[in-house]
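J.: Chains as they are written, first to last, in numbering that gives the first Met the number 0: chain A, 0 to 431; chain B, 0 to 431.
One should not assume that every hint holds.
Said to hold, decoys possible - Derived DEER-like restraints, expressed as beta-carbon distance ranges:
#	chain 1	residue 1	chain 2	residue 2	range
1	B	358	A	233	37 to 45 Å
2	A	247	B	233	27 to 35 Å
3	B	14	A	354	52 to 60 Å
4	B	87	A	132	30 to 38 Å
Stated by the list, open to error - According to the in silico footprint, chain A covers these stretches of chain B (three or more CB under 8 Å from chain A):
#	segment
5	124-133
6	161-173
Hint data in this document are derived by calculation from the structure and do not stem from the laboratory.
Beta carbons: idealized from backbone N, C-alpha and C, even for Gly.
What follows is the residue order along each chain.
There are 2 protein chains.
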Amino acid sequence: MTSPNVKKSWAKLVIVISMIKEFGQDDPRRVIHSFKVGLALVLIYILHHFRPTFYGFGDNIIWAVLTVVIVLELSVGATLGKGFNRMLATGLAGGLGVASNKIATLCGDKGKVVMTSIFVFVIAERVTFMRFSPQLKARYDYGMIIFILTFCLISLSDETGNELLEIAQERLLTIIIGSCIAIMVCIFICPVWIGEDLHRKIAGNIEKLADFLEGFGDEYFNNSENTEAENDKQFLHRYKRVLSSKSMEESMAVLARWEPRHGQFRFRHPWKQYLKIGNLARLCAYKIEALSVYLNNPKTPYEFRSIIQELCTKISLESGKALKESSLMIKKMYKSSSPNSHVSNAKSAVESLKSLLRTNPWEGADNHFEIIPAATVASLLIDIVICVEKICEGVDELASLANFVPYELLHRGIVQPISDSDGSVHVVTVAE
Amino acid sequence: MTSPNVKKSWAKLVIVISMIKEFGQDDPRRVIHSFKVGLALVLIYILHHFRPTFYGFGDNIIWAVLTVVIVLELSVGATLGKGFNRMLATGLAGGLGVASNKIATLCGDKGKVVMTSIFVFVIAERVTFMRFSPQLKARYDYGMIIFILTFCLISLSDETGNELLEIAQERLLTIIIGSCIAIMVCIFICPVWIGEDLHRKIAGNIEKLADFLEGFGDEYFNNSENTEAENDKQFLHRYKRVLSSKSMEESMAVLARWEPRHGQFRFRHPWKQYLKIGNLARLCAYKIEALSVYLNNPKTPYEFRSIIQELCTKISLESGKALKESSLMIKKMYKSSSPNSHVSNAKSAVESLKSLLRTNPWEGADNHFEIIPAATVASLLIDIVICVEKICEGVDELASLANFVPYELLHRGIVQPISDSDGSVHVVTVAE
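Pulled out of the complex, with its shape left as it was, chain A reads as follows (with noise of 0.2 Å):
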């Protein structure tokens, strides 16, 4: 017979396990990358055990274990990234160290106390200093903490000349092995390119905002009451999470840029366009917001509603589905013009809608007060079909930049789109 405690207890690891199983499902990436930090550090334990002499100097070892430990991280342009910086501020600091520490011998006992203080001094302070500019910060703040511990470590050390240099010599290797050894692992086994994530990011923003303006429509101006379930209007809060995305889109370019050529995927990628369509999406996110209060604000009555229903409509129906087609482009990676006729499309319908208010159509109303929700909608509208225009032309832009493939090319099955549905990626050759 088991107490209830343990019972209790046994629930309570039940669930605690079954969410992390949840969690893991949510992005099988996570529990690969778990399995790439475990193997090379066994990796580095096999190597070493069996081969003490292969690093050929002894206590390094520690340094290589750090080197992975820090070095690895989810995506290949993270552990690029962190991996140079390791590499090149090791060896631009050990130099200087060595060197900083020669003349300080020169100095005499009590001169090489007095000259390494400075040293020391000087050096961290000038490169915390260097760390809060946001442009260095950005790319080499890694490198630049790892410049101030080397410079320290070769500094404070008790050995000199000859010695110094050894030991110096020896830390660069065991921290290029290590960087090499989480690079190897991190690009050769289940790659996570975070170009990608952010192209896929993108792309999934427009798609968001797509899907509300698709929806909107056929939801404001319907006058029955409201039947379906909340969870069925997912479609309608899904563009919130644009409004937020800022400094994560921001984070993600800069390591994009670290990564090689992969996939459709170039050295020098346009990573900045995908920021300043990440802007612009944004910006149309706001303006949704504003509209998004009119679907439970008070109305305007059905029957003056009504009158602008048809061109309110098709506006935003044409809106979402030129974001629907761009969101497309960028996925499939391929250019077309389809979005332009969307636009022009939800263009035509914002000048008869013009047209119509200038006949004045709300006569009959009883007051201005019950139509002024209705001609908020109608204004909101016309001026998100402005940012929609430009978000098409952002895109339009990274399509001329990243050279994406003419859509009809696309279709004689000669290019490899990629896959949103998972990280990795899929060559598919269409025979015609």
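Given chain A, put chain B in place with the hints provided.
T.: Showing chain B alone in chain A's frame:
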């Protein structure tokens, strides 16, 4: 005579130096922080030089240096968080490492290799996986890296038994010394409290929204051509910085929770309430972003715009005043009902505006299209008042949660308001 090249380089150098200077003047705390890092390192060097036996374990000085360089951050919260993480993780992982090493040793020579590989793999894999959990990542990410690191170093060590235990203890002690030096330098020399930064940032964000709202009425209803230079209208653009401040506020709140009592801030200051207010302020900023479009769009002719001028200007002005008073309440940390009275004024103006609109004030307009911009502005302003009311409620809640002092007591001179100009706390004791 100097060659033109030398002159050119000299000019460039001067520009770079003046840029660095300006950059330091932007936030003098950066300069102070850089000095603190240099100082802490020199302190360790001097201790190590004059008392090589001070730490009692020779080479391990590198762990103290490593700790100081990595743990000493700009703000007290970040330094305490990292120091705490580092000490706890080293202690736990050290103990676990020694235990697993003992178990592995029991399994014979070959068994040891297999067991150690399994231990390293399982621990590294599990902890890396846990790092993806958002709750753990926010507060303990650094600790989890250090945990993997220390566990691997102890497990991979060639030493066994008592020697290993000694190494682990020494390492832990050096790390505690390093963390304590970093924490003391951070707290006792010109401390930067990130909680205060968050406090000021939230107050500043509300003020930025207030600036826009206070200026909007005049700007929109002004009939004359814009003669002022764009520079003078900075107040109309400041709110834009609120739009994308979410992730920064969140990370500040996480760090602020590490900080001990200081000045007016208790240990368990309601930091979460700041995030709530921040989110409400952002919702208001989205609406303002939608409203700001109408400053530049073609406007309703002045004769019809002027009909709602008085009430709309009042709504916007009173909303702005309510926000400004709320911002001041946060800044000076006092309770006051004055924001609520401004909110009431704004709400009664909204009611008057609604009544006005019910009398069909735009009857004589040529067509409905002309009056749509003015109608939209009125409608958005009505929405904004709801947002403003929620912000003021949030600030009231903060005032109760954080035990702000009633305004009347403040002026009897018994509290210490926080200065908003720089990072230091001024103790103001006003005699009656």
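J.: Now tell me, hint by hint, if it's right for this structure.
T.: Going through the hints against the structure:
Distance hint for residue 358 (chain B) and residue 233 (chain A): a CB-CB separation of about 42 Å, consistent with the stated range 37 to 45 Å. The given range of 27 to 35 Å is respected by residue 247 (chain A) and residue 233 (chain B), whose C-beta atoms sit roughly 28 Å from each other. The beta-carbon spacing between residue 14 (chain B) and residue 354 (chain A), approximately 57 Å, falls within the hinted interval of 52 to 60 Å. At roughly 32 Å, the beta carbons of residue 87 (chain B) and residue 132 (chain A) sit within the given window of 30 to 38 Å.
With a threshold of 8 Å between beta carbons, the proposed coverage of the segment 124-133 of chain B by chain A holds, since 6 of its residues qualify and at least three are required. Only when three residues or more bring their CB closer than 8 Å to a CB of chain A does the claim for the segment 161-173 of chain B stand; here the count is 0, and the claim is violated.
In the structure shown, a violation is registered for the earlier hint numbered 6 alone.
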